[in-house]
Amino acid sequence: MPLADTATLVDIARQIGATHAAPAADAVDREARFPHEALEALKAEGLLGALIPQELGGIGATIADVAAVCETLGRSCAATAMIFAMHQINVACLLRHGRSAPFFREYLAAVAADQRLIASATSEVGTGGDLRRSVCGVQPEPEGRIRISKRCPVISYGDEADDILLTARRAPDAAPADQVLVLVRKSDCTLTREGEWDTLGMRGTRSFGFTLDASASKDHVVPVPFADAASQTMIPVSHLLWSALWLGLASDAVARARAFVRAEARRCPGDTPPSAPRLAQVVAELDTMRALVHDGLSAFDRHKDDVDTLGGFGFALRMNNLKVSASRLAPEIVGGALAVCGIAAYRNDSPYSVGRHLRDAHSAALMVGNDRIYAANAAMLLVHKEE
Amino acid sequence: MGHDITTEIRTILRAHGRLAADVATLREEDDLYLAGLTSHASVNLMLALEEHFEIEFPERMLRRGAFSSIAAIRAGLLELTGADA
Chain A
84 MPLADTATLV DIARQIGATH AAPAADAVDR EARFPHEALE ALKAEGLLGA LIPQELGGIG
144 ATIADVAAVC ETLGRSCAAT AMIFAMHQIN VACLLRHGRS APFFREYLAA VAADQRLIAS
204 ATSEVGTGGD LRRSVCGVQP EPEGRIRISK RCPVISYGDE ADDILLTARR APDAAPADQV
264 LVLVRKSDCT LTREGEWDTL GMRGTRSFGF TLDASASKDH VVPVPFADAA SQTMIPVSHL
324 LWSALWLGLA SDAVARARAF VRAEARRCPG DTPPSAPRLA QVVAELDTMR ALVHDGLSAF
384 DRHKDDVDTL GGFGFALRMN NLKVSASRLA PEIVGGALAV CGIAAYRNDS PYSVGRHLRD
444 AHSAALMVGN DRIYAANAAM LLVHKEE
Chain B
438 MGHDITTEIR TILRAHGRLA ADVATLREED DLYLAGLTSH ASVNLMLALE EHFEIEFPER
498 MLRRGAFSSI AAIRAGLLEL TGADA
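Protein sequence lines, in the order shown, are assigned to chains A and B.
Going by the numbering used here, the letters in the first sequence line up with residues 84 to 470, in that order.
Going by the numbering used here, the letters in the second sequence line up with residues 438 to 522, in that order.
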């Protein structure tokens with residue numbers, strides 16, 4: 084088992100990126116297929132258990148370590164990085180909010196030992212994309228069992244995951260926002276796929292719609308309200324890990340632009356290539372984005388054990404702002420790299436191509452729509468005061 | 438502070454809480470979120486309380502727990518106004 088050391092983890096991720104994720108990235112994108120090479124390699128290194136403490140058989144990495152892995156993978160294949168990030172978000176929720184329960188301790192140990200991949204089913208038909216409302220409810224069944232039926236507009240890698248973490252009302256007659264998280268095993272589910280996943284970008288995440296019918300023991304219900312898990316863990320960790328992988332994606336586009344300008348410069352030593360000043364602007368934007376992500380990670384690290392702060396409006400605003408800013412910067416930076424390289428980046432068959440990056444980057448503003456986040460922030464700002 | 442702060446809280450809750458439950462039947466310790474209070478409605482509730490009681494909730498009170506029951510709201514208001522329960 085590797086040590087929980089950022090540099091070691093990033094080295095492993097870089098290696099997997101170079102040997103497994105990057106070579107397959109164009110095929111994954113073109114065919115909208117699962118990046119199974121990279122996921123197998125991540126499993127072989129135990130990285131699906133990265134956040135799980137060593138006492139449970141995991142690596143014991145921090146959120147910042149995992150963000151560094153996401154960024155590194157994002158440089159090679161954004162879909163791979165997104166799948167990895169989503170899995171880690173689910174693990175983070177179970178670790179923080181489920182670990183006190185014997186079932187979840189055992190389950191987390193199994194995730195580390197067997198490298199089980201967890202998908203999430205948080206969105207639902209009929210909620211208008213609101214994470215904090217559910218239509219379906221946990222239906223009690225005899226002998227300590229429960230049943231849940233949910234219509235999910237998307238479950239990323241739902242076909243490939245081993246288990247699914249879903250949201251539902253605590254009971255069928257509970258209020259829409261009175262939600263819990265429930266872990267269901269794919270083997271205890273009927274998943275009926277609905278529709279296709281033919282999108283502009285992030286094609287390898289295979290985020291099909293599904294109708295889900297699941298049965299589980301009542302022990303599979305996370306023992307805290309989803310409201311707490313969402314505000315303290317799911318939302319901040321999502322925004323941090325997503326922003327980190329978008330940073331990786333933007334970094335690779337900029338790396339291509341830098342290589343292009345260097346090649347231009349070498350052709351005419353003494354003349355600054357006309358694209359060089361534009362590259363300088365793009366690199367400045369990338370540095371801004373990097374600073375945002377790292378600042379968000381250090382804020383989370385400072386407050387990670389302070390549930391009052393994590394659950395407060397000030398922290399929610401900060402994490403939301405990270406998300407909207409990073410998701411705005413990612414396509415801007417990739418677009419800038421495209422402008423630097425011109426036709427060489429516009430072509431799909433050049434070493435400077437950034438078409439996939441640009442298409443993937445445009446997903447960032449849609450994953451929890453920025454308009455929805457601005458609306459939530461606008462409401463919080465009505466009562467929030469500056470410190 | 439008004440003669441019956443709890444009554445005033447209930448009135449504001451009825452007007453702005455958009456609860457699924459009937460406010461009159463809620464006990465003081467009942468969880469308002471379980472009664473259907475959403476995060477969006479909670480902001481309107483905070484604004485209405487600030488206006489009515491002429492107070493401002495500081496940053497440290499802008500979290501779920503501070504508005505999770507009539508009793509919690511009353512405790513926060515009493516702290517801010519310096520009145521006795």
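Think of the hints as simulated: they come from the structure by calculation, not from any bench.
Wrong hints could be hidden among the right ones.
To be verified - If we take Cβ atoms under 7 Å as the criterion, some of the chain B residues that face chain A in the derived model are:
#1 455
#2 460
#3 463
#4 475
#5 478
#6 483
#7 485
#8 492
#9 496
#10 501
#11 507
For every residue, glycine included, the Cβ atom is placed at its ideal position computed from N, Cα and C.
Evaluated hints:
no.: 1; hint: 455; verdict: violated, 10 Å
no.: 2; hint: 460; verdict: violated, 14 Å
no.: 3; hint: 463; verdict: violated, 13 Å
no.: 4; hint: 475; verdict: holds, 5 Å
no.: 5; hint: 478; verdict: violated, 9 Å
no.: 6; hint: 483; verdict: holds, 5 Å
no.: 7; hint: 485; verdict: violated, 10 Å
no.: 8; hint: 492; verdict: violated, 11 Å
no.: 9; hint: 496; verdict: holds, 5 Å
no.: 10; hint: 501; verdict: holds, 6 Å
no.: 11; hint: 507; verdict: violated, 17 Å
Of the numbered hints given earlier, the model fails hints 1, 2, 3, 5, 7, 8, 11; all others are met.
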